[in-house]
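Protein sequence lines correspond, in order, to chains A and B.
Residue numbering for the first sequence follows our numbering, beginning at 1 and increasing consecutively.
Residue numbering for the second sequence follows our numbering, beginning at 1 and increasing consecutively.
Hints are computed from structural coordinates only; laboratory data are not their basis.
Please read these numbers as outputs of a predicted model, since none were measured by experiment.
Just so you know, not all the hints are guaranteed correct.
To be verified - Among chain A residues calculated to face chain B with C-beta under 10 Å, some are:
no.: 1; residue: Phe-22
no.: 2; residue: Leu-28
no.: 3; residue: Lys-85
Claimed, not checked - Subject to a maximum C-alpha distance of 25 Å in a straight line, what follows is the list of computed DSS-like cross-link-like pairs (lysine-lysine):
no.: 4; chain 1: B; residue 1: Lys-614; chain 2: A; residue 2: Lys-85
no.: 5; chain 1: B; residue 1: Lys-534; chain 2: B; residue 2: Lys-366
no.: 6; chain 1: B; residue 1: Lys-163; chain 2: A; residue 2: Lys-87
no.: 7; chain 1: B; residue 1: Lys-366; chain 2: B; residue 2: Lys-556
no.: 8; chain 1: A; residue 1: Lys-99; chain 2: A; residue 2: Lys-88
no.: 9; chain 1: B; residue 1: Lys-614; chain 2: B; residue 2: Lys-171
no.: 10; chain 1: A; residue 1: Lys-25; chain 2: B; residue 2: Lys-614
no.: 11; chain 1: B; residue 1: Lys-112; chain 2: B; residue 2: Lys-449
no.: 12; chain 1: A; residue 1: Lys-87; chain 2: A; residue 2: Lys-25
no.: 13; chain 1: B; residue 1: Lys-485; chain 2: B; residue 2: Lys-163
no.: 14; chain 1: A; residue 1: Lys-25; chain 2: A; residue 2: Lys-99
no.: 15; chain 1: A; residue 1: Lys-99; chain 2: A; residue 2: Lys-51
no.: 16; chain 1: A; residue 1: Lys-99; chain 2: B; residue 2: Lys-614
no.: 17; chain 1: A; residue 1: Lys-88; chain 2: B; residue 2: Lys-614
no.: 18; chain 1: B; residue 1: Lys-366; chain 2: B; residue 2: Lys-449
What the hints assert, rightly or not - Here are the simulated distance ranges between beta carbons:
no.: 19; chain 1: A; residue 1: Ile-80; chain 2: B; residue 2: Ala-596; range: 53 to 59 Å
no.: 20; chain 1: A; residue 1: Lys-51; chain 2: B; residue 2: Ile-613; range: 32 to 38 Å
no.: 21; chain 1: A; residue 1: Phe-49; chain 2: B; residue 2: Gly-611; range: 37 to 43 Å
no.: 22; chain 1: A; residue 1: Leu-95; chain 2: B; residue 2: Ala-624; range: 21 to 27 Å
no.: 23; chain 1: B; residue 1: Ala-596; chain 2: A; residue 2: Lys-88; range: 39 to 45 Å
no.: 24; chain 1: B; residue 1: Met-633; chain 2: A; residue 2: Phe-49; range: 37 to 43 Å
no.: 25; chain 1: A; residue 1: Thr-53; chain 2: B; residue 2: Ala-624; range: 22 to 28 Å
In this text, a Cβ means the ideal position worked out from N, Cα and C, and glycines have one as well.
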Amino acid sequence: MIPAAFFLALSIVLFALGVAAFFIKRDLITMFMAVEVMLSAANLAFLTFAKSTASLDGQVIVFFVITVAAAESAVGLAIILLVFKRKKSIQSDDLNVMKG
Amino acid sequence: MTELFWLAPFVPGLSALLLFLFGGRLSRRWIAAQACLSLLASFALSLLATIGLLGAGRGSAPIVKELFSWIVSGSFSARAAFTFDPLAAIMGLVVTGVGFLIHIYSAGYMAKDRSPARFFGLLNLFTFFMLILVLASNVVLMFVGWEGVGLCSYLLIAFWFEKPSAAAAGKKAFLVNRIGDTAFLVGIFLVLAVTGSAEFRDLATNVMGGRFPAGVATLAAVLFFIGATGKSAQVPLYVWLPDAMEGPTPVSALIHAATMVTAGVYMVCRMNALFAFSGTASLGVALTGAVTAVFAATMALTENDIKKVLAYSTISQIGYMFIGCGVGAYSAGMFHLVTHAFFKSLLFLAAGSVIHALSGEQDLRKMGGLRRHLPRTFPSFFIGAAAIAGVPFLSGFFSKDAILSRAFAQGQYVVWALGLATAILTAFYIFRLVFLAFYGGDRMAGEAKAHIHESPSIMIVPLAVLAFFAVAAGYVGLPGVLGEKVDLFGRFLAPVFVNVPENGPAPGTEWILMFFSMAAALMGITAAYVFYVKNTRIPHVLISRFPALYAIVSRKYYVDEAYDAVFVRPLVRGGEVIFDHFDKRVVDGALNGTAAAAGAAGRVLNLLQTGLIKDYALAFLIGAVLFLGFLLM
């Protein structure tokens, strides 16, 4: 039996990678993938705790997260597509029309 | 049936509501008919209740109708309740009866006006408030009616508001009345503070039961009387009434002659127990009345606007009524109120008929010889003039004589002398008006002369009815010297007036006083005849002989100018100063400062909003880390 701490460590590393990628990368699609990585890291943590406490709640939440993530990627990609049609660019630094 | 009297205010009230809501869609004929019929219904209800009161016999309890419990606050409570006693009966009959005739007349007079629904709606609303004032069984409810009639008066004076002078006159009436109303309100508070009850019935018991210290009673009475001087146009608050003539003539007849301006007299009579208790206050009432009577009468002497002559005359005649109240002759004061309502509204309506005939001309200098052109208006005006002048055996003679003889009997010789002087002046100025307008040669402008026409029957019939009463109304209150029981009016009212000295003058004295009154009337009329018919050069000679005196009187003693200099201009100037310094600097400064601070804060916070998603994500990350750190600690 692998200890739960290993899974949690992996989850932390994944999450940190996601955060780093989000801040380092500039094109929206990659940033979007970074968000997915962070979500997966969170899912892993949930599953770990679900297993170690023998409760189903964590697994239920994971299903919700997966569903929401699917919906979100559909909407997010559609937005990115529209942004590209309008701006001819998906670099996040080019998108600052909301500057005050 | 007598119980139904409480509906009397609400019929015109409902009619007013309908006219305000749907007046735009109703035909002119319907509007006038509805307004008149509502008054007729109201009159019928008052008449029925009065008959019931007469049938119940002398000294029986007044009819009380409690509508609902209005204000309940701690130990204080005021009911919305109506009381129908002889005093309310007489005033109610005058308001609805004369009001009905004036409504009919208005249908003719206002036939070409642009907004008949507004006019008749306001007249009906006025009747509603006036009847509330008359029937109220406590002083708080009376104040509601009191303010309501003031509002209607304002709206009707400024009825032709597109005329700047009319709008200004309305404003003046409203503001001057505020002064009196404030005193009235303070008086109400004083009575409530001392006795805790606003009911007129309790007021009488409390006064007689010694609940009022003498000084407090005098103060309360004086405060109420200041309220009355505002509404009833007495010195020093009379200045609004002459200007109020800017309103349509039926309004002048109804509100500014017959009913609303006499509300002050009615109020003093209502609180007769309080006034009778305070000799000082009563003396003040009598003297104010006497001074006003003479003062206003002299101003009428030189006035050239036909309606303003009548306005000054109204001020002067209300002065008589206050003389009556002040010397304890409350029923004589009320009697003069009633006869005055008839002959003064008759005079106003007849003057309206003259103005109507002359296409709006009001200047006496541009009239003359109208007796030939207006064969039906002239006799009614003449009867009204004779009645107000105190020509023997017309109504004005009896009521004026009743007041003067009581003043004499009470030993108020100064008041009596002023009253008698007023009688001479009254006869003079009213017949000056008659002779200038109806006798002599034509002085009309060509335009007006071409269109001169007698008024339609709808205007003449009310004149005829009023003329009948101007002659006959005196016979319900014949002087006591003619017999014990001839003063039906006084006997009907007697239960209302408690604690009032009953002694009239000795019979011999009364005959002599009556002779004086007759002599005064005839003297004034003769003088007017000599001045304005016989030898028309006399007035001009007098003017050129005493130019200073004429200037003072014809400019109305510069009272308006003095008020303007002493009160109005300092107020306006003070307002400007406060506006410049306080409003512009402090108020505006606070407001602009707040806005500027918000703007500056916005500009600072603006720096954070870069529009770049990375910056927001970073802020979010930092926040999340700090939050986690906080949780972990």
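Taking the hints in turn, this is what the structure says about them:
About 6 Å separates the beta-carbon of Phe-22/A from the nearest beta-carbon of chain B, less than 10 Å, and the hint is met. Interface hint status for Leu-28/A: upheld, as the beta-carbon distance to the closest one in chain B is roughly 9 Å, under 10 Å. With a cut of 10 Å, the hint placing Lys-85/A at the interface with chain B is violated, because the nearest CB-to-CB distance is about 19 Å. Of the supplied pair hints, the one linking Lys-614/B and Lys-85/A holds, its CA atoms being roughly 22 Å apart against a limit of 25 Å.
A C-alpha spacing of about 19 Å is found between Lys-534/B and Lys-366/B, which places the hinted pair at or below 25 Å, so the restraint holds. For a cut-off of 25 Å, the pair hint linking Lys-163/B to Lys-87/A is broken: about 65 Å separates their Cα positions. Proximity of Lys-366/B to Lys-556/B is assessed by CA-CA distance (about 21 Å); at most 25 Å being required, the pair is judged to hold. With a C-alpha separation of about 20 Å, the suggested pairing of Lys-99/A with Lys-88/A holds against the 25 Å cut-off.
Our distance criterion of 25 Å between C-alpha atoms is broken by Lys-614/B and Lys-171/B, whose separation comes to about 67 Å. A threshold of 25 Å between alpha carbons decides the hint, and for Lys-25/A with Lys-614/B the separation of about 10 Å falls inside it, so the pair holds. Restraint check: the Cα-Cα separation between Lys-112/B and Lys-449/B comes to about 20 Å, which is no more than 25 Å; the hinted pair holds. Distance check on the hinted pair: Lys-87/A and Lys-25/A sit about 19 Å apart at the alpha-carbon level, within 25 Å; holds.
About 53 Å separates the Cα atoms of Lys-485/B and Lys-163/B, which puts this hinted pair outside 25 Å; it is violated. At roughly 21 Å between alpha-carbon atoms, Lys-25/A and Lys-99/A fall within 25 Å of each other, so this suggested pair holds. Only pairs whose Cα atoms come within 25 Å are accepted, and Lys-99/A paired with Lys-51/A is rejected, the gap being roughly 46 Å. A hinted pair counts as satisfied when its Cα atoms are at most 25 Å apart, and Lys-99/A with Lys-614/B qualifies at roughly 13 Å.
For the hint pairing Lys-88/A with Lys-614/B, the CA-to-CA distance comes to about 20 Å; that is within 25 Å, so the pair holds. At roughly 10 Å between alpha-carbon atoms, Lys-366/B and Lys-449/B fall within 25 Å of each other, so this suggested pair holds. Separated by about 42 Å at the C-beta atoms, Ile-80/A and Ala-596/B break the suggested range of 53 to 59 Å. In this structure, Lys-51/A and Ile-613/B meet the distance hint of 32 to 38 Å, their C-beta atoms being roughly 36 Å apart.
Range check, Phe-49/A to Gly-611/B: Cβ separation about 38 Å, and the 37 to 43 Å hint holds. For Leu-95/A paired with Ala-624/B, a C-beta distance near 23 Å keeps the hint of 21 to 27 Å intact. Remark: the range hint 39 to 45 Å for Ala-596/B to Lys-88/A is upheld by a beta-carbon distance near 42 Å. Between Met-633/B and Phe-49/A the beta carbon distance is about 23 Å. The supplied range of 37 to 43 Å is therefore violated.
About 24 Å separates the C-beta atoms of Thr-53/A and Ala-624/B, a value consistent with the hinted range of 22 to 28 Å.
Violated hints, in rising order: 3, 6, 9, 13, 15, 19, 24; the structure is consistent with all others.
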